[in-house]
Structure formats: structure tokens, C-alpha cells
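Chains as they are written, first to last, in the UniProt record's numbering: chain A, 1 to 199; chain B, 1 to 199; chain C, 1 to 199; chain D, 1 to 199.
Mixed in with the good hints, there may be bad ones.
Pairs involving identical chains hold if they fit within one copy or between any two copies, as the list cannot separate such chains.
[Claimed, not checked] With a straight-line cut-off of 25 Å between C-alpha atoms, the simulated SDA-like cross-links for lysine to any residue are:
#, residue 1, residue 2
1, Lys-52, Lys-62
2, Lys-128, Glu-139
3, Lys-128, Pro-154
4, Lys-52, Val-19
Hints are computed from structural coordinates only; laboratory data are not their basis. Quick caveat: nothing in here was measured; it's all calculated off a predicted structure.
One-letter residues, chain by chain:
4 protein chains.
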Amino acid sequence: MSARKQARNPGGRPRDSRVDDAIASAVRELLTEVGYTRLTMAEVAARAGVGKAAIYRRHATKQEMIFEVLLPDQFLAVAPDCGSLRADLAAVLAEIADTMASPPQGTVPGLLADVHADPALRDRFNEKYLGVQRRTLTEILDRATARGELTTRPDPATLNALLVGPVFAWLFLLTESPDGLPALTSALLDATLALTGPV
Amino acid sequence: MSARKQARNPGGRPRDSRVDDAIASAVRELLTEVGYTRLTMAEVAARAGVGKAAIYRRHATKQEMIFEVLLPDQFLAVAPDCGSLRADLAAVLAEIADTMASPPQGTVPGLLADVHADPALRDRFNEKYLGVQRRTLTEILDRATARGELTTRPDPATLNALLVGPVFAWLFLLTESPDGLPALTSALLDATLALTGPV
Amino acid sequence: MSARKQARNPGGRPRDSRVDDAIASAVRELLTEVGYTRLTMAEVAARAGVGKAAIYRRHATKQEMIFEVLLPDQFLAVAPDCGSLRADLAAVLAEIADTMASPPQGTVPGLLADVHADPALRDRFNEKYLGVQRRTLTEILDRATARGELTTRPDPATLNALLVGPVFAWLFLLTESPDGLPALTSALLDATLALTGPV
Amino acid sequence: MSARKQARNPGGRPRDSRVDDAIASAVRELLTEVGYTRLTMAEVAARAGVGKAAIYRRHATKQEMIFEVLLPDQFLAVAPDCGSLRADLAAVLAEIADTMASPPQGTVPGLLADVHADPALRDRFNEKYLGVQRRTLTEILDRATARGELTTRPDPATLNALLVGPVFAWLFLLTESPDGLPALTSALLDATLALTGPV
DNA sequence: ATCTAAGCGAGACGGTACGTCTTGTCTTAGG
DNA sequence: CCTAAGACAAGACGTACCGTCTCGCTTAGAT
Chain A
1 MSARKQARNP GGRPRDSRVD DAIASAVREL LTEVGYTRLT MAEVAARAGV
51 GKAAIYRRHA TKQEMIFEVL LPDQFLAVAP DCGSLRADLA AVLAEIADTM
101 ASPPQGTVPG LLADVHADPA LRDRFNEKYL GVQRRTLTEI LDRATARGEL
151 TTRPDPATLN ALLVGPVFAW LFLLTESPDG LPALTSALLD ATLALTGPV
Chain B
1 MSARKQARNP GGRPRDSRVD DAIASAVREL LTEVGYTRLT MAEVAARAGV
51 GKAAIYRRHA TKQEMIFEVL LPDQFLAVAP DCGSLRADLA AVLAEIADTM
101 ASPPQGTVPG LLADVHADPA LRDRFNEKYL GVQRRTLTEI LDRATARGEL
151 TTRPDPATLN ALLVGPVFAW LFLLTESPDG LPALTSALLD ATLALTGPV
Chain C
1 MSARKQARNP GGRPRDSRVD DAIASAVREL LTEVGYTRLT MAEVAARAGV
51 GKAAIYRRHA TKQEMIFEVL LPDQFLAVAP DCGSLRADLA AVLAEIADTM
101 ASPPQGTVPG LLADVHADPA LRDRFNEKYL GVQRRTLTEI LDRATARGEL
151 TTRPDPATLN ALLVGPVFAW LFLLTESPDG LPALTSALLD ATLALTGPV
Chain D
1 MSARKQARNP GGRPRDSRVD DAIASAVREL LTEVGYTRLT MAEVAARAGV
51 GKAAIYRRHA TKQEMIFEVL LPDQFLAVAP DCGSLRADLA AVLAEIADTM
101 ASPPQGTVPG LLADVHADPA LRDRFNEKYL GVQRRTLTEI LDRATARGEL
151 TTRPDPATLN ALLVGPVFAW LFLLTESPDG LPALTSALLD ATLALTGPV
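Put together the whole structure using the sequences plus the hints.
In C-alpha cells:
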């Protein structure tokens, strides 16, 4: 995922993957210890035992670094296929909720703000996060349609907002505990499925 | 709204209310022109024709300044009473959506990030924004219960997340156009009301 | 001498002269302790108990800062008038030699290199150092001419090079001790005066 | 000149002399184009079509590299013997002046500054440049003494400063044109010889 | 005909300084 | 006590450069 400018020419010393790991670990530690805003590049470098240049060789800005470190490479890599629309949606929602709830306090809101401030980061966010979500939801709807589970086929963007929004709001607007997420997502699936109409 | 530290001593020169207005206007202009992150106090002061001290006398930090300038004083001042649960929720949701959609690009996510970073701002946010929302929703539920519209009385926090979350996600995660909000909120109300059970 | 951008408008907090002094002292200390090359702005700021911005408000670059701190404000302010050409030249030469020998090891060569690398610094150097020297020498020659001490009037630039060059070479090319300067300047004056011809 | 660490073991690939030449050419080009300070090792390597390691295999530091590239191998290899003290001094002075005036703008002052900052470079400078000068001057004085041209035998260091200093000052303090050097050196010899006394 | 030590170009590495920027506080002179 | 202007301490940012190290490969001389 990282590796922004891969060497075209195979000559030259190759990137040291231990440096990637050290950076990622330092970022995660510091996010936990000091939070998104107070994380500094100098401290990441020091903590990782790495020069700042090694970081900037991999990540264009502090924001992209954090995004790239936190977003799992395998995020929604395969669309779940559990046999029913509800089960598929539940699986997707669980993975999304997990990705939101895992990073340390304040990281997700901080990142979202920077996504809105930095066009380059926005592009990466759209590509690596939103696009994957939309493709996965579309695939799930395709399968449900094939199964005859849907009377009306909802708009994927609307469905996306209806599913992800409450989880985000629960965690980052209301700042409620992640422990309440299961109950929330259960109600959320009931409500959403009411829209698609029972067969 | 403003006036964080009211003069204890009535003696001395009174605050100039034109300064308050000039600051508010400058903040709104700059949010539109350069966005939340690139707005600086020095530029607000220059644009408003005001000293930085005059700003800090009114607002403790940059973040509180923006929050106080943007949040309408009358936000959800009176709970709507339109005769039905759906109409009441629609009215509340419309006002909330409007408050979210009005500020310039990136302002709401920026503010939300700072709410997570700054405990003092979080207190103000809880008091002036979240608390009002929850109180209003509770009152609406009370009325609906009295009318006999509810078979099960939902948890206010869950309801809050179900209603506000999708609007937030639509605007700030998916970055879809505010034009799509009416369709979204309509579906949203349908789905949410399906939970409360038809009478 | 310092004060690069003087406030046009008298409004605003005035510069704190203690900051000027603290910077100058820190620069002198650090030049002595670590030398020209290893002096860093961050350390100057720390040593002076001052923010870096306070330094850059006064001095455009590290090089100009050192130049402005080291060059005495009164350098050759008044041309000596001792009654004879030789005495006048001796006085000027002593002051120039003193200005060269005073700064800590390596400072003068370092500064001279930067003068050749930075046009802005070169302008300041020409104005504050060379110009003053040439004007002073010209004035001394004028007086000697009026006294009838000169058979041929030497070119001021040549005279300048003949006088200052050996001192510079003694200190910075040969790296001989400043203790040898009196003997050198004495021989130097004899040689130079031989050119102008005895009356 | 080059070859700082000669291979002890004759095994292994020998140095490629074309690499030496390519480095020297690149250094000279870049000194002319960007000057001493802005010359970087990476750019020298790129220009020479050479790896940085190949440079550092030959030269310990950037400063030594430049010094070694610029100082002629044959600098003052043989003391001139022109039949008179003045002619000998003129020949030495011309060669020294030429060595100073040849390198691109700013190179000599830059190098001199680094000589004062780096003890290792200073040693090389003393050995390859100053020592040669002093030995040559001493030899010339010996011959002049044998010829009976000297009434008083001047101190070699003083003579060195008196001769070389004005040339240095002319070029690097006053930044006058090298075209003026012949006139300067002529006056300089007159003045200096006046000290040694006519026979 | 290997073997092997050292050369080679490319470029990543740790470290460190630079000059810019912003925040929230403080200091003027004046209303 | 307010105001406008702007200096202040602190410290993060992203860039640049140095001198070292690592990669895969080439090039001789010694066996």
C-alpha cells in the first residue's frame, strides 16, 4: 500500500521493509499516546529510529502517512457472501465499524477533516476507502437481486449513507461507547431492510 | 453567544458590538475562501480590521471562535409540534441537516476533529449542540407516546444516531451534493419509523 | 544597525531591545564555543531564550545575523587625523586589524565565503564595510595631499589591498598568531609608504 | 593527488581513471554554474555519471574533493630561478595569483572557510599549499642572499603575507577584476623590495 | 577457467539545519 | 477597560544535504 514512488530502475538500494514497519508501529504508538493532533513527524522518526527523509520517501505528508498506516490493506478485499442480504450487510457493516472503532481516540475525525482539506488525500480516500465500499455494496445488491430478495433496488450511495452514517454518528458525534455498536447495528439493519421491502 | 468573560467591573469602556460582527463576518468569509484548516487568527483580525486581542477577549481559542460564530443561537430552540411523529422528526431532521449543510466546505469535519482534540470545546459542543438535540428528540418522543403513536419507545441516543448519521455520512463521508438530502431524509424517516412499529 | 523592517506604523508593540542583546550575546557565545559552521539558529534561539521568529524578524538569514552582530556599529565612523600620513594609516590599519582579529576562530573566513555566495549579504558588506574603508582612506589621502606629503597619489583600491591584504593573509591564510600583527603592520607601513615617495 | 585509500590487497578490480576525470570535470562545471556553496555531491555524481560511493572512495569529504580537484599537482613544483630577486618573486607571485584567480567565483573563499572549520582539510592545505609556498620563498631568499642582493633577510612568513595578502584582498575582499592584478603586483613588488633594502 | 576481492551506478539510510508558519499571550499608545 | 498593531516564546512543518550503507552487477589478477 505504501511505496508512493516505486523505483522504476531496479538499480539502487531497495527500500528496507523494516523501516516501513518501524514507521507504522511508531505512528500507532504515538496516536495512542498523544493523539492525532499532537503527533509530530520528528517524534515518529525518533521513535522509529529512522530519518525524516525515510518517512517522506514513503508518505507525501503527515496526513497520508497516518491514513496509509491505519487503513488495512485488506479492507473489504472480498465481498462477503453469506447467503442472505441481511447477513451480507451485517458482515460488511461489522468490518466497516471495526475499521472505524479501532484507531485511537480522535484519529478518525482528524483524518476526515484532513481529507476535506487536502485534495490529494481526498483522492486516496476515495480510491482506497469509499470506492471499495461502494463496489462491495453493489456486489451484494447484485447477489440479493439474483436471489430475488429485493422488491426495489436501492441507490448504493443512499444505502451506504444509511448503513455507515449511524455507526459514525454513534462513535464520533455522540461519542458513545463501541460496546453499544452491536445493538445499534442490529436496529440499523432492521430499519434499512424495511426499505427494501420483504419479498 | 459571544462574551465569554463578561466585565466584572461595570466601569471602563464597553465592548463594541461592531467588533463582534466584524469578527463573525471575517470568519465566515475566510472559511469560504480558504477553508477551516488554512484560516488563521491573524488573517481574521486583519480582515475584520481588529486586533487579535479583541478576538481572544471574546473567544478562548480559534476553534471556539468558529464554533460560536457558526452555531445558530436559535438552534432547536423550540421542539417542533406538527401533530405527528413523522412530521416532528422531519422538522428536526431538516433543521439539523440545514445546520450541517450551511457552513463552507470542510468546516464541519474540521470542527468535529477539534471537538475530539480539545476537552473544553467538547464541553461546549455537548452543551450547545448534542444536549439540545437529545432534549428535543426526547420531547418529541414524549408527545408521540402521549398520542399513542409508539408501540416501542426507542432509545434516544440510538434514534439520534439513526437520524443524524446518514445525513452526516451523505455530506461528509460520501461528499454527495446537498441536493440529494431531501430524498435521503425521506427514505431515512421511512426506515426509522419502521422500527418504532406501526400502530 | 539591525532592525531590518522598521515598523512604518507606530502602532503595535515595539521591539524589545533586550531581545536584540540576548541574540547578540548568544551569537557571540556560540561562535566562540562551536564556531561559525556549527552555529545553528535553533541553538541561538534557545541560548537567548527567544523564539526563532524573533531572530528572523531582525535578521533575514543566519549569515546576515552574524555579520550584523559582529560588525561594530562605529566601525571607522570617523577618519583618524593624527597629523601625518603614516600615523593616519597606522590608526586605520589598527582598527581594521582589530575588527578582523576579534571574532572567534573561523568566523571571518566563514563570513567572507557567505558574502561571495549571497548577493544580499554582499550588498550589506559593500555598504557597511568596504565602502567605509574606501571613504576613510580617500579622506586620509586628501589630507596628506593637502599637507604635501604625497608625490604620487596612489589608487585607493590598490592602497586598500596593500594595507588590508597582508593582515588578512597573516591571520587567515597563514594562520599566524595575532601577536605578530604589530611587527607585520610596521613593515607593511614602511613598504607602502615607500611607494608614495618621500617628500 | 587522488587515491586516498589505496588498495592494500592487489586483488580486486582496479580504479577506473575515467571516473577520476569525470568527477573532476563535473566539479569544475558545477563550481562555475552554481558556485561553491550550492554544489552538492549528488549533483556531482549525477553530472559525472558516477555513484556517490565512487566519489567518496577517492575523496573523504566534499571539501577535500574540491581542494584536490582544484589545486594543480604541479603547484610551485620548482622554485623559479630568473637571475634576480625581483624576477623570482614576480614569477612566484604570478603563479600564486593565477592559482587564486582561476577557480570560479566564490570557490577560494568557500574553501578557505572550510579549511578553518575542518582540521583534516587544514592539514592538507598546510601541506600542499602553504608549505610549498614557504619552501619556495625560502629558497628564493637563499639564492638572493648568495647573490648579495639582500641587506636584511626578511622573515619568510612576513614576506609571504606581504606578497600574497594584497592579491587575495584584491580578488576576494574588494572583489576587483583580475585584470587589475598586473598593476597591483607590480606595485606590490616595488613596495616589498623597498623593505629588503637596495644593494 | 575459475575464484575472489574490489570496483561500479543507483539510491535508501540516519541525522540535522534551514526558514516559514501558526497559536495564544503580552506590550505599546491612544480612546 | 477597551481598541489596533504587532512583538513575543514555542515548536511543527517539509526540504535539502551530508556521508554511509546496501543492492546487483562487472572487472580484473591470482590461482
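Quick check: which numbered hints come out false for this structure? none
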